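Colleague: Letter by letter, the chains look like this.
Protein chains: 2
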Amino acid sequence: MLVVQKYGGTSVGSLERIRAVAARVLARQRSGDQVVVVVSAMAGETNRLIELANALHLVAREREQATGTDSKGWVAPLKRDDPGFDREFSQLVSTGEKVSAALMAMAIQDLGGAAVSLVGHQLGVVTSGSYTNARITSIDGQRIHALLDADTIVVCAGFQGLDEQGNVTTLGRGGSDTSAVALAAAIQADECEILTDVDGVFTSDPRVVPTARKLDRISHEEMLELASLGSKVLQIRSVEFAKKYGVLVHVRSSQHLEEGTKIVPETPDMEAVLVAGVALDRDEAKITITNCPDVPGTIATVFTTLGARGIVVDMIIQNASRDARTDVTFTVPEAELARATESLRELALICEPGVELLTDAGIAKISIVGVGMRTHAGVAAKAFTILAEEGVNIQMVSTSEIKVSVVVDEKYGELALRALHDGFGLHRAPG
Amino acid sequence: MLVVQKYGGTSVGSLERIRAVAARVLARQRSGDQVVVVVSAMAGETNRLIELANALHLVAREREQATGTDSKGWVAPLKRDDPGFDREFSQLVSTGEKVSAALMAMAIQDLGGAAVSLVGHQLGVVTSGSYTNARITSIDGQRIHALLDADTIVVCAGFQGLDEQGNVTTLGRGGSDTSAVALAAAIQADECEILTDVDGVFTSDPRVVPTARKLDRISHEEMLELASLGSKVLQIRSVEFAKKYGVLVHVRSSQHLEEGTKIVPETPDMEAVLVAGVALDRDEAKITITNCPDVPGTIATVFTTLGARGIVVDMIIQNASRDARTDVTFTVPEAELARATESLRELALICEPGVELLTDAGIAKISIVGVGMRTHAGVAAKAFTILAEEGVNIQMVSTSEIKVSVVVDEKYGELALRALHDGFGLHRAPG
Chain U
4 MLVVQKYGGT SVGSLERIRA VAARVLARQR SGDQVVVVVS AMAGETNRLI
54 ELANALHLVA REREQATGTD SKGWVAPLKR DDPGFDREFS QLVSTGEKVS
104 AALMAMAIQD LGGAAVSLVG HQLGVVTSGS YTNARITSID GQRIHALLDA
154 DTIVVCAGFQ GLDEQGNVTT LGRGGSDTSA VALAAAIQAD ECEILTDVDG
204 VFTSDPRVVP TARKLDRISH EEMLELASLG SKVLQIRSVE FAKKYGVLVH
254 VRSSQHLEEG TKIVPETPDM EAVLVAGVAL DRDEAKITIT NCPDVPGTIA
304 TVFTTLGARG IVVDMIIQNA SRDARTDVTF TVPEAELARA TESLRELALI
354 CEPGVELLTD AGIAKISIVG VGMRTHAGVA AKAFTILAEE GVNIQMVSTS
404 EIKVSVVVDE KYGELALRAL HDGFGLHRAP G
Chain S
4 MLVVQKYGGT SVGSLERIRA VAARVLARQR SGDQVVVVVS AMAGETNRLI
54 ELANALHLVA REREQATGTD SKGWVAPLKR DDPGFDREFS QLVSTGEKVS
104 AALMAMAIQD LGGAAVSLVG HQLGVVTSGS YTNARITSID GQRIHALLDA
154 DTIVVCAGFQ GLDEQGNVTT LGRGGSDTSA VALAAAIQAD ECEILTDVDG
204 VFTSDPRVVP TARKLDRISH EEMLELASLG SKVLQIRSVE FAKKYGVLVH
254 VRSSQHLEEG TKIVPETPDM EAVLVAGVAL DRDEAKITIT NCPDVPGTIA
304 TVFTTLGARG IVVDMIIQNA SRDARTDVTF TVPEAELARA TESLRELALI
354 CEPGVELLTD AGIAKISIVG VGMRTHAGVA AKAFTILAEE GVNIQMVSTS
404 EIKVSVVVDE KYGELALRAL HDGFGLHRAP G
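Chains U and S supply the protein sequences, listed in that same order. Using my numbering, the first residue of the first sequence is number 4, and each one after it goes up by one. Using my numbering, the first residue of the second sequence is number 4, and each one after it goes up by one.
Hints were generated in silico from the structure; no laboratory data involved. All values derive from a computational prediction rather than experimental measurement. Be careful, since some hints might not be right.
To be verified - Covered stretches of chain S, as calculated for chain U (at least 3 residues, CB under 8 Å):
| id | stretch |
| --- | --- |
| 1 | 98-111 |
| 2 | 259-273 |
As the list claims (entries may be wrong) - So, partial list: chain S residues that the calculated Cβ filter (under 10 Å) puts toward chain U:
| id | residue |
| --- | --- |
| 3 | 21 |
| 4 | 87 |
| 5 | 92 |
| 6 | 129 |
| 7 | 131 |
| 8 | 171 |
Backbone N, C-alpha and C define an ideal beta-carbon position, used for all residues, glycine too.
Same shape as in the complex, but just chain U (with noise of 0.2 Å):
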């Protein structure tokens, strides 16, 4: 068998950690696999060379923008807009995982394997797009299946490429589960793991829902629609590069050898399963505007504007006209929602007469997802069930051919997502 396997930042965050990974790897290797090893940097490398990028440039213009960490403690780099510095960037942040890849190969060999680390120019990862957030289009596999056959270890620093000019790319946060995952297609590994420091793909968030349960496997579809749910684990874009070359991904534990879950195609047995899982957004606001004119077009400035300006709107719904006025609401991440409603403010539009402008950022969303609705009907309606015996008020709905997504107040989020977790029988071991 030839496997991809995937460390994280924690999972080679010290010495210690990273002998660990070392002798898993090769206790692997000695089973009688083929290993392909990824890595990320090492936890606060990344972080320590952002730092040292936006120290340089906040005292050098005497920038009073703060930068922060965001909930996964990843320091936000400050935005240039400028290809030449966004170059410089990945120059420097990419070295994190080549410290990191050639410390897991001295580890190995300290163990009495053989192993060698591959960076960008020695794998041949091809991509396009901005040095910044790169995207691969190709993968040389042949140095690596020749390293493979002479019973090598292959240790690849993860989260990086070379672009056409031989110019070093990396591939936006948590690239390197996309480097995993598009080299498992390149050398056409039977599985690519990622080993993270949780245990798979949960039902739900164990942390609100204390029913929730490990996923044995989940589809690629249902993957990507919870994407709240699976950006705790690997970045999300992986998984679309998992499901268009068909790749199986295999989260589970880097602390123990037990299984986790596995992202796989879609099957016909899947359907029997109404739904995987559910998972709970608070980070969205809703934005609602009054007595709109339902002419062609007039609502079609508001979502060009934010267009326009970045802002990525996710919900939208329109009610029906009443004397030719109609009421707008949609969301956008709560983080934009300043941006937003000042963008919004200069438009003609919110300047008539009767039209108002509001918001809230006190919702909370909630996402059904399962590809077992593909062949059922009735979903929407048994959550709304569900959520009327609590006394949770739906403020707004959508749905697609996988998922039913509700709005509620945010301080109903919690009770409701258990409430439709348990009532949709996830806590209950399928079978």
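Based on the hints, put chain S in the right spot on chain U.
Modeller: Leaving out everything else, chain S in the frame of chain U:
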């Protein structure tokens, strides 16, 4: 004018210093010159990376072997004699220069300049030899020239190259100096500036000789012989490279704009100055083997034994034979004295009756260097006179074309150095 400027680890040791260097580089370019910058890793970074590798290795093997820092604060990597490990070691430590190159390019951009950093595979530096002590065989200057012609400052990561197979190689400690000189040769630069924290090359060590003067110029040959003076400001291998390719090297301070010392090809007028500098070396030890049988080949076994263990023998003196017996005295690095005596004691020769092995770590070697010696006799005689007047006994002497070295008791080392410095008129400005 096309100039290569090399900045060492201290000069790029903090973001403030990187910004200061960026300003200097940009000012130079704006004065009308084309500028290529070669940077070392930020001070402390290479040690950090080596310590990571050492720690990984030490804990894994529970070795007792301690690692220390040398007189320059350099951490010694653990020796493995393992090409696989050496390969990973180079992949690891070469990241330090990649980081400082990217930061330097960003800093120049922040000041409004155009800059691009180039690392190993982008520079086209091809090396041969070992992974960790590689030698540059060729450099492709095409990309650098194209960038310079587009008014861009090119920032190169020093210390590294790629072998023919695309593996990352490093040039040994201080290798960024060699990178700079080799780049200057490859792109036919008018000058290679080595910017450092000293003002230039001095007639002697100013900490020992208060009357030491900064030299305006010195020949490549003299610089090579004054290795112990030179090693404080630049890697001696870079001087060999500069000599071979006729590169004009300018050692100067990164703290101010005063001219430093130019290392230039020898010209006839240089012979007017008898002595260019005097250097003190306390790091050698003396070994004497008394009553050696003076039979061809006997003494050769001594040096063959030491050579096989990689121990470099410097000065060798053999007294005239008496009763077919002779005394032989030589010097080895003090740090190798224990290993040297240990291996010599295994020789049958040393075990013969009457043969004694004597060692003395308390010696100092003083070297008097100048191309003027080629045409002027009597330097050794004058040195003897000067030292005799100070009551300093000479234990060993060796002479070469442009150098006279004497070994004295270590306690007289500094006194002898000062006496010779001023005795040869080095305290006076030439002219």
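Colleague: Given residue 21 of chain S as an interface hint, is its Cβ closer than 10 Å to any Cβ of chain U?
Modeller: With a closest approach of 7 Å, the residue 21 of chain S hint holds.
Colleague: Taking 10 Å as the limit, does the beta-carbon of residue 92 of chain S come near enough to a beta-carbon in chain U?
Modeller: 7 Å, holds
Colleague: How does the coverage statement for the stretch 98-111 of chain S fare against chain U, requiring three or more residues with Cβ below 8 Å from a Cβ of that chain?
Modeller: holds (count 9)
Colleague: At a Cβ distance under 8 Å, does chain U reach at least three residues of the stretch 259-273 of chain S?
Modeller: violated (count 0)
Colleague: With a cut-off of 10 Å on the beta carbons, see whether residue 129 of chain S makes it to chain U.
Modeller: Interface hint status for residue 129 of chain S: violated (13 Å vs cutoff 10 Å).
Colleague: Taking 10 Å as the limit, does the beta-carbon of residue 131 of chain S come near enough to a beta-carbon in chain U?
Modeller: Given a least distance of 18 Å, the restraint on residue 131 of chain S is violated.
Colleague: Would you check whether residue 171 of chain S satisfies its interface hint, that is, whether its CB is within less than 10 Å of any CB in chain U?
Modeller: 7 Å, holds
Colleague: Would you check whether residue 87 of chain S satisfies its interface hint, that is, whether its CB is within less than 10 Å of any CB in chain U?
Modeller: 6 Å, holds
In summary, the numbered hints that this structure violates are 2, 6 and 7.
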